[in-house]
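Assemble chain B onto chain A, guided by the hints.
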Amino acid sequence: MSLQEIVIQQLFNGLLLGSFYGLVALGYSMVYGIIKLLNFAHADIYMVGGFCSLTILTFFGNTFIGNRWLGIVISMLITMIIVGLLGVIIERVAYKPLRNAPRLSLLITALGVSMILYNSVMVITSGEYRAYKTGLGYEGFSIGSVFVTHTQAILIVAAVALMFVLHLFITRTMYGKAMRAISMDLDCCRLMGVNVNKIIALTFFVGSMLAASAGMMAGVYYGSLHFFMGFVIGIKAFTSAVIGGIGVIPGAMLGGLLLGLLESFGTQIPFIGSEWKDVFSFSILILILIFKPTGLLGKKESERM
Amino acid sequence: MAKRLWILALVVVLIASGVFGCSKPAPPSGGGDQQPESSEAPQFDGEILVGIMVPVTGSEATYGQDMENAIRIAADEINAAGGVLGKELKFTLGDDGCDPQMCTAAASKLVSSEVVAVLGGYCSGATIPALKIYGDAKVPFVILAANSTQLIDENPGWAFMINSPGYHQADAAADCFEKLNVSKLALVHQGDGFSENLAELTREEWQGRGHEVVAYDVVNKGEQDFSSLVTKIRSSGAEGVYWTAYHADGAQLIKQLRQGGYTGEIVVADGSSSIQLLEIAGAAGEGVYCTSPPVVEFLPAAQQFISAYNKKYNQQPGPYAGLSYDGTYLLADAIERAGSTDPDAIRDALAATDNFKTLSGTIKFTPENVLEESNFIIIKGEGGKWVLVE
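Just so you know, the sequences run in chain order A and B. Every letter in the first sequence is one number past the one before it in our numbering, and letter 21, counting from 1, is 21. Every letter in the second sequence is one number past the one before it in our numbering, and letter 82, counting from 1, is 1082.
Accuracy of the hints is not assured; some may be wrong.
[Stated by the list, open to error] With a Cα cut of at most 27 angstroms, we get these calculated DSSO-like pairs of lysine-lysine: (1) LYS1311/B <-> LYS1087/B; (2) LYS1138/B <-> LYS1364/B; (3) LYS133/A <-> LYS1385/B; (4) LYS1380/B <-> LYS133/A.
No lab work stands behind these hints: they were computed from the structure.
Isolated chain B (complex conformation):
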């Protein structure tokens, strides 16, 4: 009897975990390819068709959907103000599914629909294959979120990245520590590719600026006790600690640093920009700085965009909504400056972008079509919330 009960319990638990484990919130169904709304629309002299390449299916669908939503908000505003070159901005969607193969298909589809330009690129891996396709077809491509340095190497010259690549974060962190008058720095990462790379870049940057890295250490994943590491950091005389990994262990480290009597500055990287870091760290999270990508909720200039987004989609904009909104405005501006939809002219206009003002900062490209200045922002934990530091 006990055995049978046991099997029954097992089955129930398995079913339950199956049901609950899969019940992710479904992405909101966005509009179709065209949006036949705006009753008092201005008269347009034709249309400009722009491709959107984001994942709207698969594991990253929520982010892709969020980006598409933001692009459409920007386009609505641009069209309401008379469009681009007197023409209406229209979109067609290519779903890259965050998958290199789907990405190739999506890019080919967009090219054959004869789009003037493409906005998109969320997963770096599913953006790289598109670079050559757009390059061969001479389609200007504004990469909104993807920021792997591989994109820079593979770019045939038609793609423009408006999100800072990883090495910009090391700059931002070094700037931040210099402002805080730190000269002896401790770097702590988690041994995974991303956080170790960032710690390495920051070490080079910091030593390149003539400062000292007094501790370079790692926290093993899943471990809870960092007290001996804290003692090591304290005994190294570090004035600043930079944590380059994620929020859950970051919160632990912050707590234990304070518990262990460490009184210097603490800065965390973008993987820790979550509000959960402050929730778990509690009082210890006060005064912690974070190098964060330009997420709209921290940008005072983006309040209008946030409320427009809220109104139209009844949800909060996601992490890459701001960049998507910015990229759409940048493209519209470049087409306007090019004076035609000729691809060479648009590309040259994009390359010539000179301090174009956006929500997340000003855009100016290097010869490699990468942002000249880092768009990372510095936020600080205050009263259990992240606030922007000027």
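Just chain A, with the same shape it has in the complex:
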């Protein structure tokens, strides 16, 4: 492979990885933006999304909706709704009663929810890896020795499309406007007659939906699921959200893509390799935060306490 080909291939690898990070990071960012909660359970929602879609795909996929793209798209929609509702339930049960409690209590609760989610899945799957069979092959197109499978290309397009739809939802609808308003001042919104509880639930619904779709895409792409698969991606997505400016929607996408690209190029750089790529990418991220503590797209925020 020539240098250009390596660069293009790694660019592509980084984009795909980055869009996974971005999709998960959006959920962190949205929830933080609206109720100032670091929702640690979000990474496990991603994992649950993967398993949920696998169950749906194996239940229905092989029988009447076909097990290729049509089946995948239908199970993805069902998964997104189910897991979105799971997110709403978690908010109702675990976070809503603590809405006026100190932020730290809420944080601990989020950790607890995370543990319950992954431990339950561990018990159900007896801690084993599950193969995610989709019947998709490795056909693809190659330009020189740059090789991209159809699956990879479709997943990137799908991720970008989801982000775009979310962007429209946030900027063009009343619900999106309400979300943005709540993130500015919750009490004021309540006084203005916004149904705050409903909008917060909606935020959890949308965030969980995106994480679930990322979980399913990861299953389709990587071909296996594990109860602890959310952990690493959770940390990375959270980092992406912070880098882009937590609470800022386009920031999460930007942060995700940036982290993905840094990682894939880090692997290729001599003396860094895959062993040190995380050190490499996180060092750059620390530098960014030193010079721009609010993240790339974050705005300075005045303390409202």
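Okay, now just chain B, sitting in the frame of chain A:
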């Protein structure tokens, strides 16, 4: 109300995870120390008492139990054929619990029961302390499964290892790649002691044979995306990839190598010999080779043993059953050749073992009492199953 419900749900989940998490399948209760069966048993001129030292309690109990079962199958066959030196082969069990302290107690117990020899050794850590005890008491010890190189260093000369030590695997891997006409090799490990050590040994072996290692890399545990590593391997021009770690991430790597357009050979190490590797890797697992320890299910010569095991214990033999069966036959043969139960004679007979045929290969010892030839086998993924490659 919501809060109370929440606590209730929490309690239920905790209890549930406690219950399910602990419900491991109980090891089958093996026979007692002696087995008073075989109605038409031949007439014996006394008995030969052999110690079995394996873990039958603790975390490794299933493996130890499996080894004991295999030893007893071999002994039944030997006794049915007239025993050893006309005497009946009998056993007494010492449970090492895969724990160094329990191991010391078990070894002392076996020595004081005046056993002629000892079979066993599963956990290396719980075998090392026994070496000196058996050495001092002059008891020949056939180590069936444990294979740490530390055993070689600590051996006072009375122990014989019939499982290949780790460095044999590097040989086996290098042989395999040479057969596949690979000369540029990429090594990928997972950063843990075992897989990194194997990758290091393979690198030395490969470079020692005058070939080139073009990539030496690591996959971080828990990560899912190896695409950038795959690109790196492709750009290094590697013709073969050797994955030295475990099946879950191995399957991922194989898949992503194929997805990323890599067309060279892939070989995985013993930690990946699980059938789950092929299940997860799917179509990408076809044609992948694996350097595996001699597990009976892959050995055509072991079919009779497998069915005997199935019949007697109603389950499949485990990973070290074959070696345990082999070790019992080796010991019986050595006692027969020694012509008596004198410990020095048995030890010399074991050391003089010359290409003794077993299920998992031929046994011949180096002066350090380690297998001269690697007993690793090469298996290949074909149609979603591992099959033995000649």
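**Study point:** Contradicted hints - numbers only
**Key:** none
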